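There are 2 protein chains.
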Amino acid sequence: MAANSADLLALCKRRGFIWPSFEVYGGVAGMFDYGPLGCILKNNIVEAWRAIYKGREGFIEIDSETVNPKDVFKASGHVDNFADLITYCQKCQAPFRADHMVKGFYENPDILTPKELEEAFVKHNIKCPECGGDLGPVDEFNLMFKTNIGPGSARVGYLRPETAQGIFVNYLNLYRYNREKLPLGVIQTGRSYRNEIAPRQGMIRMREFNQMEVELFVDPEDKDWAKFPEIENEKLDLIPNTTLELTTMTVKEAVEKGVIANRVLAYFVYTTKQLLVSMGIDPARLRFREHEKDEMAHYAADCWDAEVLLSYGWTEIVGIADRGCWDLSRHAQFSGQDMSHFKKFDVPREVEMDKVKAKNKALGPRFKGQAKDVAAAIEALSPSDVKDGKITVKVNGEDIELDGESFEVVHVKEKVAGERVIPHVIEPSHGLDRIFYSILEHAYEYDEKEDYTVLHLAPVVAPIKVGIFPLMEKDGLDDVARDIYSKVHVAGAEAYYDGSGTIGKRYARMDEIGTPWCITVDYETVEDGPNKGTVTIRDRDTKDQKRIKASEAKDIIDKLLAGMPFASL
Amino acid sequence: MAANSADLLALCKRRGFIWPSFEVYGGVAGMFDYGPLGCILKNNIVEAWRAIYKGREGFIEIDSETVNPKDVFKASGHVDNFADLITYCQKCQAPFRADHMVKGFYENPDILTPKELEEAFVKHNIKCPECGGDLGPVDEFNLMFKTNIGPGSARVGYLRPETAQGIFVNYLNLYRYNREKLPLGVIQTGRSYRNEIAPRQGMIRMREFNQMEVELFVDPEDKDWAKFPEIENEKLDLIPNTTLELTTMTVKEAVEKGVIANRVLAYFVYTTKQLLVSMGIDPARLRFREHEKDEMAHYAADCWDAEVLLSYGWTEIVGIADRGCWDLSRHAQFSGQDMSHFKKFDVPREVEMDKVKAKNKALGPRFKGQAKDVAAAIEALSPSDVKDGKITVKVNGEDIELDGESFEVVHVKEKVAGERVIPHVIEPSHGLDRIFYSILEHAYEYDEKEDYTVLHLAPVVAPIKVGIFPLMEKDGLDDVARDIYSKVHVAGAEAYYDGSGTIGKRYARMDEIGTPWCITVDYETVEDGPNKGTVTIRDRDTKDQKRIKASEAKDIIDKLLAGMPFASL
Chain R
1 MAANSADLLA
11 LCKRRGFIWP
21 SFEVYGGVAG
31 MFDYGPLGCI
41 LKNNIVEAWR
51 AIYKGREGFI
61 EIDSETVNPK
71 DVFKASGHVD
81 NFADLITYCQ
91 KCQAPFRADH
101 MVKGFYENPD
111 ILTPKELEEA
121 FVKHNIKCPE
131 CGGDLGPVDE
141 FNLMFKTNIG
151 PGSARVGYLR
161 PETAQGIFVN
171 YLNLYRYNRE
181 KLPLGVIQTG
191 RSYRNEIAPR
201 QGMIRMREFN
211 QMEVELFVDP
221 EDKDWAKFPE
231 IENEKLDLIP
241 NTTLELTTMT
251 VKEAVEKGVI
261 ANRVLAYFVY
271 TTKQLLVSMG
281 IDPARLRFRE
291 HEKDEMAHYA
301 ADCWDAEVLL
311 SYGWTEIVGI
321 ADRGCWDLSR
331 HAQFSGQDMS
341 HFKKFDVPRE
351 VEMDKVKAKN
361 KALGPRFKGQ
371 AKDVAAAIEA
381 LSPSDVKDGK
391 ITVKVNGEDI
401 ELDGESFEVV
411 HVKEKVAGER
421 VIPHVIEPSH
431 GLDRIFYSIL
441 EHAYEYDEKE
451 DYTVLHLAPV
461 VAPIKVGIFP
471 LMEKDGLDDV
481 ARDIYSKVHV
491 AGAEAYYDGS
501 GTIGKRYARM
511 DEIGTPWCIT
521 VDYETVEDGP
531 NKGTVTIRDR
541 DTKDQKRIKA
551 SEAKDIIDKL
561 LAGMPFASL
Chain S
1 MAANSADLLA
11 LCKRRGFIWP
21 SFEVYGGVAG
31 MFDYGPLGCI
41 LKNNIVEAWR
51 AIYKGREGFI
61 EIDSETVNPK
71 DVFKASGHVD
81 NFADLITYCQ
91 KCQAPFRADH
101 MVKGFYENPD
111 ILTPKELEEA
121 FVKHNIKCPE
131 CGGDLGPVDE
141 FNLMFKTNIG
151 PGSARVGYLR
161 PETAQGIFVN
171 YLNLYRYNRE
181 KLPLGVIQTG
191 RSYRNEIAPR
201 QGMIRMREFN
211 QMEVELFVDP
221 EDKDWAKFPE
231 IENEKLDLIP
241 NTTLELTTMT
251 VKEAVEKGVI
261 ANRVLAYFVY
271 TTKQLLVSMG
281 IDPARLRFRE
291 HEKDEMAHYA
301 ADCWDAEVLL
311 SYGWTEIVGI
321 ADRGCWDLSR
331 HAQFSGQDMS
341 HFKKFDVPRE
351 VEMDKVKAKN
361 KALGPRFKGQ
371 AKDVAAAIEA
381 LSPSDVKDGK
391 ITVKVNGEDI
401 ELDGESFEVV
411 HVKEKVAGER
421 VIPHVIEPSH
431 GLDRIFYSIL
441 EHAYEYDEKE
451 DYTVLHLAPV
461 VAPIKVGIFP
471 LMEKDGLDDV
481 ARDIYSKVHV
491 AGAEAYYDGS
501 GTIGKRYARM
511 DEIGTPWCIT
521 VDYETVEDGP
531 NKGTVTIRDR
541 DTKDQKRIKA
551 SEAKDIIDKL
561 LAGMPFASL
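Chains as they are written, first to last, in the working numbering: chain R, 1 to 569; chain S, 1 to 569.
Next up, chain R with everything else stripped away, as it sits in the complex (with noise of 0.2 Å):
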């Protein structure tokens, strides 16, 4: 059966998955706890998702800050456009999101402007849903967290929205430590923050949620990945935008039909599908759809959305983008400094062109120690800088405007050894509480006439990988059983001691939290016999037993997690 949200949630709650945030205190809408189990699930993840990056493609990985300064989100666009339209009650102060009050009258609420949302809730006689009152103006509402860094108010700061601005403010460093090479794939997990004005659908919309983001910084003319063949006819269940019908093709067709930009895009779309596979998301509810015209960032190449077929519907979890050169530009704007690659040609080219030079002579009595800045912010530029005659230049902080006397246009012809390019950034964002969710309703079965829950977690991800029972806690069956827990656990398979109840409610607890494998020392293991010194352990998918040796418990644990079937016991 599939799984019900709420059962799902009841679960999680009840064997320590997720708890709602703050009960003892009332709750806190939008936040959630991750519990023993949920904790090293989500630790499980990662690990999956750095493997795959870390590992295999060896992209690097940082650890930046979640409190920013206002520059940074005035740069990434975030302080003037990260808002929802939000309204308040006129009568019981409630806030809501204008467009959730239109729903249903609208096919696209999202897209009505305030002045139209306000319309509506006079046309279509929309009251507050709490006591009836009126609705009042519509107004945008910032979903940053605000605070202050330090004492006073002079310096507002934000928790980030996303973690991918940390890598983007890093930059230079990271092109630094990568020798300035490009392509340059850098990751990073951690909190990020949306201030909902009232969220709903459990995990799916966080106040407080945990991404794992992946920039790759490319060369904007060289949208390849050498690993590209290894893939290309793998199948991906697609819907582009141009017929938003869902078609299978494979990814070398996908890129030849242009229905995914370039290769590098379409290759960790692929890597996408791979690591969630690999996860328990079931291929047959996971689908790629791509952004539609309207939808797509103006500054974006493409875009595409894994989504993820749950009882709240097709989900968003995870995001690739092909971002082109926004974000470098806009922080290079904003910063004043040069985030641009160079590019060796591979035989130095003679051209003709016209350059912005400044005029030395007259920056140094006028700048003083500052003048070299000044005339480099100059030759930074590109005759286009140039309005009416005068330029404008950041020396640190401050802006400059200049006039002819400090600079002029030449035209010169030289030998150049290559060219400044704005790397391009391919993104694949991914949401990992999303993801945590959907990987528990896909493992989700509940059988209704046993009132029996199992969940089919692979064992990557599953939160304990083998519960150990002694049959009884006597006669020594517990010496064995404590045994194999520490040597299994320590070595850090995450194993679950067990002593009391049935065998059978053993075996129920464990298949609710998705244990692989159950291992039960019994009075065979400790009396004379054939089966001496040996235990029983336990498939939880087939429900298949067999007896191997208690002294080979560990290895043949560590064979099982690394891909050997039940079977070949």
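Because the hints were derived from the structure by calculation, they are not lab data. Remember, predicted model here, so these are calculated numbers, not experimental data. Do not take every clue at face value.
Any copy, or any two copies together, can satisfy a pair, since identical chains are not distinguished.
Said to hold, decoys possible - Derived lysine-lysine pairs resembling DSS-like cross-links, with alpha carbons at most 27 Å apart:
#: 1; residue 1: Lys-559; residue 2: Lys-487
#: 2; residue 1: Lys-413; residue 2: Lys-344
#: 3; residue 1: Lys-387; residue 2: Lys-372
#: 4; residue 1: Lys-146; residue 2: Lys-70
Given chain R, put chain S in place with the hints provided.
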């Protein structure tokens, strides 16, 4: 040569361990980002800590939210007491920590009151260090970052100043997960925040920092630890608050002489030493200092700081405290939830006692559907809660005052199966960034004559385990090197492929970032002869080199990481 913090921070920045945050926007004091090498080193520290607390001790881990509603920090005391004293220059408005202004004039400036500080400014003619202006009045400045949850300012939130509170507010969930048994050990790692007035000292005082906290809930009458005998003869360098002098004794002696309050606390003081030393902290620069009596929290039974000697002087990097029943008592009181543990007697005892009993007949008509909750809240009180014949109960968030019509105090004789106790908390709290920095300082060796730097990082924390170099990037040497790289790196032991510069330069680069071993592929590897198929492996600390089979490189790295001495190769 001992580390100089400026040199070390320069190395950290140059080689990608840590970067001052937001440098392209002018930076923010007290904030650092972990670069590629730092991120791995930091994760390695977390894994070493997990291996002890989760692996060896079997504690459970959670991951709770960083934005918390005000109630949490009202209960914890942070809203009222987590403050530094601040003064502003009356001329330039620059903010300063008031106690820092009078350093040099007083031995413990941090115990002065605001009034005493204001008087001290006048008496010692202390002026603004930036502009010479007069310092203004001294006020409290709360060090929590403040924000609002949801729209408007109705719901104040704070960024947590410690991860511990996330464990305490989940105590009931955790206790149930542990089947209502003690001891119950819970760990959490993640971000915490402290909005410093004027941060200094690099990574020692960060506004956004990382913690690894352990909260061990124990029976207040049973402060023993089963594994204590395994370590009781190990030695500790202690500074007790009775003598304030360094003394070395065994863990057992420390408890028997009353130097450390109890066996469980002493066990975790020693565990802290084990963890730190295993990660490369120099035991000769590590000591445990007991909080002085006026320094210790009033509720703490005992508290020790692990201090390491850094270029900044002796610095606290871990605190290990017996916090008594403070944390759970406060949250029980503020949330109105019962957080006690039921401790079963071996045989039931007959006891006489006074009890508060609800008068159910009076409650029904008055409280209707709530009557049962009110009755339960009444009977959870003890006779000492009755003040002037009245009691106050909290039901569903509301305080209700009741008089003798609703309850009575009765004298009863009862068979009781056990008693309710509030668990005590043993808390080893680790400053992750400080540990990170201390490991680097203790690993740092700079040879001035040779202008050569080596980081002697313990292999368990070293970010790169092995550097892999082809002597030349041709003739197939690079293929062999890349093959070894893939096998080692993809299996999870971080490797670094370097094909440029002289071999000496490449060794130097790896020594500078603390890579324990390097493998070089040369012409002997590929040409016929006795060394065909072998590569050179070099040890960082001894500079010894051996030839090993290329095909065995991965296994050998695994064995070295598991502790095999290089000399035995």
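Please write out, lowest number first, the hints stated earlier that are contradicted by the structure. none
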